[in-house]
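For this one, chain A is given, so just place chain Y on it according to the hints.
From first to last, the protein sequence lines stand for chains A and Y.
Take the numbering used here: the last position of the first sequence gets the number 335, and nothing is skipped along the way.
Take the numbering used here: the last position of the second sequence gets the number 335, and nothing is skipped along the way.
Hints may contain errors.
[As the list claims (entries may be wrong)] The list that follows gives simulated cross-link-like pairs (lysine to any residue, SDA-like), each with its CA atoms no further than 25 angstroms apart: (1) Y:73 with Y:49; (2) Y:308 with A:273; (3) A:50 with Y:312.
[As the list claims (entries may be wrong)] Partial list, computed: chain Y residues near chain A (C-beta under 10 angstroms): (4) 130; (5) 152; (6) 182; (7) 186; (8) 187; (9) 274; (10) 282; (11) 286; (12) 288; (13) 291; (14) 319; (15) 320; (16) 326.
These aren't lab readings, by the way, just hints derived from the structure by calculation.
Note that the Cβ used here is the ideal one computed from N, Cα and C, for glycine as well.
2 protein chains.
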Amino acid sequence: MIAPAMADSTLAQRLLDGDRRALARAISLVEDDRPEGWELVKQVYPHTGKAAVVGFTGPPGVGKSTLIGALTKLRREAGRSVGVLSIDPSSPFTQGALLGDRIRLSEHFLDQGVFIRSMANRGALGGLSEAALQAALLLDAAGRQDVFVETVGVGQAEIDIIDHADTIVLVLMPGSGDSIQALKAGVMEIPDVIVINKADHPLTDTMVREIRGVLSLANLDHTPEEGAHGPEGRVGSWRVPIVKTEASNGTGVPELVQRLDEHRTHILAEGHLDERRARNLRNEVLAIATARMRRRLEQELHGDAEFKSLIEQVIERRLDPASAAAALLERPAAP
Amino acid sequence: MIAPAMADSTLAQRLLDGDRRALARAISLVEDDRPEGWELVKQVYPHTGKAAVVGFTGPPGVGKSTLIGALTKLRREAGRSVGVLSIDPSSPFTQGALLGDRIRLSEHFLDQGVFIRSMANRGALGGLSEAALQAALLLDAAGRQDVFVETVGVGQAEIDIIDHADTIVLVLMPGSGDSIQALKAGVMEIPDVIVINKADHPLTDTMVREIRGVLSLANLDHTPEEGAHGPEGRVGSWRVPIVKTEASNGTGVPELVQRLDEHRTHILAEGHLDERRARNLRNEVLAIATARMRRRLEQELHGDAEFKSLIEQVIERRLDPASAAAALLERPAAP
Chain A
1 MIAPAMADST LAQRLLDGDR RALARAISLV EDDRPEGWEL VKQVYPHTGK
51 AAVVGFTGPP GVGKSTLIGA LTKLRREAGR SVGVLSIDPS SPFTQGALLG
101 DRIRLSEHFL DQGVFIRSMA NRGALGGLSE AALQAALLLD AAGRQDVFVE
151 TVGVGQAEID IIDHADTIVL VLMPGSGDSI QALKAGVMEI PDVIVINKAD
201 HPLTDTMVRE IRGVLSLANL DHTPEEGAHG PEGRVGSWRV PIVKTEASNG
251 TGVPELVQRL DEHRTHILAE GHLDERRARN LRNEVLAIAT ARMRRRLEQE
301 LHGDAEFKSL IEQVIERRLD PASAAAALLE RPAAP
Chain Y
1 MIAPAMADST LAQRLLDGDR RALARAISLV EDDRPEGWEL VKQVYPHTGK
51 AAVVGFTGPP GVGKSTLIGA LTKLRREAGR SVGVLSIDPS SPFTQGALLG
101 DRIRLSEHFL DQGVFIRSMA NRGALGGLSE AALQAALLLD AAGRQDVFVE
151 TVGVGQAEID IIDHADTIVL VLMPGSGDSI QALKAGVMEI PDVIVINKAD
201 HPLTDTMVRE IRGVLSLANL DHTPEEGAHG PEGRVGSWRV PIVKTEASNG
251 TGVPELVQRL DEHRTHILAE GHLDERRARN LRNEVLAIAT ARMRRRLEQE
301 LHGDAEFKSL IEQVIERRLD PASAAAALLE RPAAP
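Just chain A, with the same shape it has in the complex (with noise of 0.2 angstroms):
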């Protein structure tokens, strides 16, 4: 039997030579939150920060799968290696449901270039946005050019994982009216790059009209001069383009390419992105943090009687919820 120590190296290494397969074991150990799979992005994170990671988010069913598979088709046709990570945070009783969209990503399962990977919520104690942000890291650490992150829906933790990006990509269709109205009322933040998929159909012109109309708006909030958002802001300096694509037979697809690398460049030149990175790597050192004392106040707190006896105390409206949560903070540390 190999060491453990010994094993680990030797996957490392693999896993920085490109191999697909220990790529997959190495993603697994971090989704199982196993000590492994943390001490392998701690030998790998030396050689992470070449990829270029485009952020996908948008409502369900617009297309985001069948876009990143033609996305990918292109990249690879220009010799670029590509990782997927498809993050499905559905609830437990439509598990499978979004199998129809991933099935469109089959026609690179047996490229040896493509690495596909989707990850499921982990339930309400979150770890799944940490667990997420690690497995783009092994990704780029294996070498993946492109590293393309989709998202469905919309909570907090697909937020998070999509902040993590370089480049962040909304897309939606015609008839995504909730979507608009969010970005108009600053609910939802201005992305990189707009795309309006399955572009066929008659209301694209009039979305395109209206996006256009909340963008405007948007810029005229973030003059330069008042720096609302600093140099790392989404808007800026960057006019944020409106792409029409028809993903299902490649229409408009070579044009997200080139608003995709026009970022990548506008970004480098104008060092957004050291800057982005810096602070997304701040934010994520600080989530981790947080994940993990919500964790162990939740396992020191499993089964635990002086826990039950605080929270029936609030149930019969003895003790309020603040007061419980201070006598939790307040005892002493496990050992």
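Below, chain Y alone, put in the same frame as chain A:
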């Protein structure tokens, strides 16, 4: 000058007597995270648990405020006192964008039986849901029989707030395609009541059929035998009604009142209200504890040289984020 403790107990008494100015002051204390605010909630907490708390969620622009205004009118006509809490998570550069919504509630501004308050997002560090939940308790303690909580948006903070309501209403309008997709994919949880507002639209009935389709699928997955969500589940034996309204002229609002009352009767009869509240209070204690741990960590790290050095190492790819987080957590606690 009155001693603080004395002032507090006076404020608590005035609050319990239903004094509006005391209520306004109390919510401000909680919103500003002042210790007196927390102390006050502690004092009045034994008098809470009486209000019927209804949470309204849904994309911006569907008319939630108008609907709550119309609902408030009917509740007032029935002699009930009402509190409205509007949670506005709009980003800093669109602050005030939702002011128009609030004006629609203005016909109630002079009515002593209606108390309206909006709370704004206080940045990424969280704290909003914590403060909003305390504010809801204060409204309850002040004798508001109906507490309507409205959130705009889709973030985790808003979901946390709405989850604490006794009855959850999802408000949509014709054109809310993204939300229906999110329901279908299981990304958005099934609420207790669905309202289609602005129902004077030719596509309303198509939308009702679509939603019925989603609900029947969700019900299939929720057979009591499987008990995926247990008795506290949002579907279970309750058949989620779809109510068509035109809030601006009151159409359909009496039916909504009836459905809300039916839901309350249902959860009381089945014991679900107590179960739901017990689960929510437990989550609230944990959420407050976690938020405080995070805040404590952020405060400790503000201007901390060791933290800065750790982050620099992470940015230079010499130390991975998880190891930096672990190093932070292993530091001796601040005195």
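How the hints compare with the structure:
1. With a C-alpha separation of about 23 angstroms, the suggested pairing of residue 73 (chain Y) with residue 49 (chain Y) holds against the 25 angstroms cut-off.
2. For the hint linking residue 308 (chain Y) to residue 273 (chain A), the alpha-carbon distance of about 20 angstroms falls within 25 angstroms, and the restraint holds.
3. For the suggested pair residue 50 (chain A) and residue 312 (chain Y), the alpha carbons sit about 18 angstroms apart, so the restraint of at most 25 angstroms is met.
4. Interface restraint check: residue 130 (chain Y) against chain A, minimum CB-CB distance 8 angstroms, threshold 10 angstroms, status holds.
5. Hint on residue 152 (chain Y) holds. Least Cβ distance to chain A is approximately 6 angstroms, under the 10 angstroms limit.
6. With a cut of 10 angstroms, the hint placing residue 182 (chain Y) at the interface with chain A holds, because the nearest CB-to-CB distance is about 6 angstroms.
7. Hint status for residue 186 (chain Y) relative to chain A: holds, with the closest Cβ pair at about 3 angstroms, below 10 angstroms.
8. About 4 angstroms separates the beta-carbon of residue 187 (chain Y) from the nearest beta-carbon of chain A, less than 10 angstroms, and the hint is met.
9. Annotation: residue 274 (chain Y) was flagged as interfacial toward chain A, and the flag holds, the nearest CB pair being 8 angstroms apart, inside 10 angstroms.
10. Taken as an interface hint, residue 282 (chain Y) checks out: its beta carbon lies about 5 angstroms from the nearest beta carbon of chain A, inside 10 angstroms.
11. Hint status for residue 286 (chain Y) relative to chain A: holds, with the closest Cβ pair at about 7 angstroms, below 10 angstroms.
12. Contact between residue 288 (chain Y) and chain A, as hinted, is supported at the beta carbon level, the nearest pair being about 4 angstroms apart and thus within 10 angstroms.
13. Taking 10 angstroms as the C-beta cut-off, the interface hint given for residue 291 (chain Y) holds, the closest approach to chain A being about 8 angstroms.
14. Using the Cβ-Cβ criterion of 10 angstroms, the hint placing residue 319 (chain Y) at the interface with chain A is satisfied: the shortest such distance is roughly 7 angstroms.
15. Evaluation of the residue 320 (chain Y) hint against chain A yields a held restraint, the C-beta minimum of about 4 angstroms falling below 10 angstroms.
16. Against a cut-off of 10 angstroms between C-beta atoms, the interface hint on residue 326 (chain Y) holds, since the closest Cβ of chain A lies about 8 angstroms away.
Consistency with the previously given hints is maintained throughout, with no hint failing.
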